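> Line by line, the protein sequences are chains A and B. Read in order, the letters of the first sequence correspond to residues 1 to 224 in the numbering used here. Read in order, the letters of the second sequence correspond to residues 225 to 555 in the numbering used here.
Simulated from the structure, these hints should not be mistaken for laboratory data. This one's a predicted model, so the numbers in the text were calculated from it and none came from an experiment. We put the beta carbon where it would ideally sit given N, CA and C, even for glycine. Certain hints may be false.
Examples of chain B residues toward chain A, derived with CB under 7 Å [to be verified]:
no. : residue
1   : Gly-244
2   : Ile-248
3   : Val-251
4   : Ile-283
5   : Lys-285
6   : Lys-318
7   : Tyr-331
8   : Thr-332
9   : Pro-345
10  : Phe-362
11  : Thr-406
12  : Arg-519
Calculated Cβ distances over 12 Å to all of chain A for the following chain B residues [stated by the list, open to error]:
no. : residue
13  : Lys-257
14  : Asp-343
15  : Ile-377
16  : Ile-522
17  : Trp-534
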Amino acid sequence: MSGSASTMRYDAGQATPAKRGPINLRLIDWIWHVRGSLPLPSGQTADEAFEKLRPVFFQPGTAHEQAQDMLVFSKKDPAAQDKMSIFDGGVLRVDHSPQGPVLRYHLISRALLFCFLAPLLFLAFAQLTITVGKFEKPAAEAKDEGKKAKKDTAIQLNPIDKALGAPEPEKPKKDADKGKDKKHSPTAAYVFAAMFAALYVVGRVLEDRLVKALFRKRLRGVQA
Amino acid sequence: MNGVRVGNRMIGTQSPVTVGWENIPRVQGGPFKQFFFTWFQPTVLFGLIAFWYYAPNSIAKASTAIGIGIGFRVLLLIMEWAFPRHESWNLTWKELVTDLFYVGLGYTILRMVDGYIGDGPIIEGIQNYFHSEKFTWFTGMPLLVQAFMISFIFDFGQYWMHRGMHNWYPLWLPHSVHHYITQLNINKGAVGNPVELFLIGLGVGGFFDFLPRAALLAGAIGLAVGSYQHINVRFNSPRWWRFLFNTTEHHSVHHSQDFEATRSNYSNTYIFIDRMFGTCIDGEAELLGMEGGRRMSIREQMTYPFTEGWKTLRERYGRTASATATAVPAE
């Protein structure tokens with residue numbers, strides 16, 4: 001599938017990226033931009049290289065366009081097993097350095113940005129939980145006082161369970177859980193914030209390496 | 225595609241679906257591997273039941289259940305990685321992140337919302353309105369009967385809610401998002417629009433009182449049976465297991481790209497509920513999803529029921545409005 005894929009802005013191979021706005025975006029865009037380079041196998045021309053790479057872009061939801069030494073692609077709803085599914089678009093360019101031709105690529109991933117920002121979302125959930133808990137506390141305490149009398153009835157185990165040796169149920173503990181507000185605990189949100197921070201680090205390193213390995217294999221003519 | 229007749233329905237006319245247990249491949253390999261993948265599921269089920277039945281009160285707590293649940297899911301993730309059922313269902317980094325995002329929503333914001341407008345507060349409101357207590361006759365029953373009743377009542381409710389989602393458009397809209405998943409992995413059950421996740425969590429179990437240990441046992445049954453609905457591992461499940469419980473095979477049929485096949489296997493844990501109501505199809509499918517297997521982004525998963533609903537409303541009422549407008553003769 002090929003088509004219009006040239007609407008996105010890339011700077012593959014640019015040594016000094018242009019400043020956009022008051023801050024230099026390049027300082028932070030590594031979060032969701034993956035850049036890299038690979039020397040072409042000796043004697044391989046740009047056209048031959050792109051010919052070998054092209055099957056990578058024959059995927060559902062992928063559009064690509066090649067002009068001279070540059071290939072631009074974009075993806076919409078890529079398949080789960082698409083080897084480049086985390087990328088939404090990018091540009092690949094063959095540059096001619098003194099050491100020989102080099103493939104430079106610049107890929108953009110909203111999935112990486114999403115994973116980078118996800119901890120903030122879960123920290124916000126944690127904060128929301130704490131805030132709601134503070135508002136709820138007086139009402140919950142009043143409710144517990146009303147219920148206290150009802151909870152004191154002892155629970156009997158069925159004779160079959162007694163015979164089979166199941167432990168007797170505990171009598172309801174008075175005031176045992178007082179002070180613990182499990183409904184408004186932010187622990188789960190903190191755990192998921194940490195989990196996504198770790199997943200981001202893993203993904204940023206892993207996907208960078210995987211895409212490099214994919215391009216390297218294709219350039220060498222190995223099916224990946 | 226010819227398809228296979230099941231009752232008065234033709235299954236697999238739009239996308240490949242294998243029908244019949246005799247046609248489903250079995251785990252290949254040596255005798256140890258065969259033994260492991262035949263007896264893993266029953267061993268875990270009976271092991272967990274025995275554990276929760278006899279565990280001392282100091283251990284039989286919700287925190288232990290959470291720990292076991294997380295540990296079991298990690299084990300299943302490792303099994304998915306080591307023994308994938310289909311290469312086309314392999315768990316990628318992006319799929320894992322997407323799945324865990326929904327798991328995270330379930331443990332945080334959705335749980336909080338559920339605490340205010342879920343089945344618990346609704347049932348409490350009804351009981352307060354009628355000045356009634358929980359039905360306490362439940363607590364006098366044997367523990368395993370209580371546990372079965374808790375999980376069966378919930379699954380029976382889920383069956384009808386799920387079936388309703390496949391038969392009534394307003395309920396289908398939020399549920400449709402879950403059917404855009406294109407592969408089954410251990411956390412895929414959590415993927416869906418938050419409205420659907422809220423709806424599918426509603427149950428009537430709150431009307432009954434039961435022993436805490438029975439609830440833990442019911443949770444263990446759910447974990448040891450329901451977890452295999454979405455998993456990329458093949459098991460040689462024993463015949464009695466496949467007759468009673470929902471399996472990956474059943475659920476893959478439910479998620480297939482074949483429309484008729486999706487209208488089957490609605491239960492969550494007990495597939496015999498589907499057998500009771502004639503909606504069970506024993507089989508399996510590899511090609512899953514909607515619109516030919518288009519993978520939906522998280523952003524679209526969040527908005528799809530509303531945008532689609534709006535589109536439908538405009539089509540239905542917009543057309544009538546414009547037809548009425550054109551019917552008015554111009555002066």
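> None of the hints should be skipped; say for each whether it holds.
Hint check results:
1. At a threshold of 7 Å, the smallest CB-CB gap from B/Gly-244 to chain A is about 28 Å, leaving the interface hint violated.
2. The criterion of a C-beta within 7 Å of any C-beta in chain A is not met by B/Ile-248, whose closest approach is roughly 22 Å, and the hint is violated.
3. Because the closest C-beta pair between B/Val-251 and chain A is about 22 Å apart, greater than 7 Å, the hint is violated.
4. A distance limit of 7 Å between C-beta atoms decides the matter here; for B/Ile-283 the minimum to chain A is near 10 Å, and the interface restraint is violated.
5. The interface hint given for B/Lys-285 is broken, as the beta carbon of that residue sits about 10 Å from the closest beta carbon of chain A, more than 7 Å.
6. Hint on B/Lys-318 holds. Least Cβ distance to chain A is approximately 5 Å, under the 7 Å limit.
7. With 7 Å as the threshold, the beta carbon of B/Tyr-331 comes within range of chain A, its nearest partner Cβ sitting at about 4 Å, so the hint holds.
8. Satisfaction of the interface hint for B/Thr-332 is found here, the shortest Cβ-Cβ separation to chain A being roughly 4 Å, below the 7 Å cut-off.
9. Checking B/Pro-345 against chain A: minimum C-beta separation of about 11 Å lies over 7 Å; hint violated.
10. For B/Phe-362, the interface hint is violated, the least distance from its beta-carbon to any beta-carbon of chain A being 11 Å, above 7 Å.
11. With 7 Å as the threshold, the beta carbon of B/Thr-406 comes within range of chain A, its nearest partner Cβ sitting at about 5 Å, so the hint holds.
12. At its closest, the beta carbon of B/Arg-519 sits 5 Å from a beta carbon of chain A; the interface hint therefore holds under the 7 Å criterion.
13. Remark: the non-interface label on B/Lys-257 is consistent with the geometry, its nearest Cβ contact in chain A lying 25 Å away (cut-off 12 Å).
14. For B/Asp-343, the non-interface assignment is confirmed: its Cβ lies about 15 Å from the closest Cβ of chain A, beyond the 12 Å cut-off.
15. Even its closest Cβ contact with chain A, about 19 Å, leaves B/Ile-377 beyond 12 Å, as expected for a residue assigned away from the interface.
16. Annotated as non-interface, B/Ile-522 brings its C-beta within 12 Å of a C-beta of chain A; the closest such distance is 7 Å.
17. No Cβ of chain A approaches the Cβ of B/Trp-534 within 12 Å, the least distance being about 20 Å, so the stated non-interface status holds.
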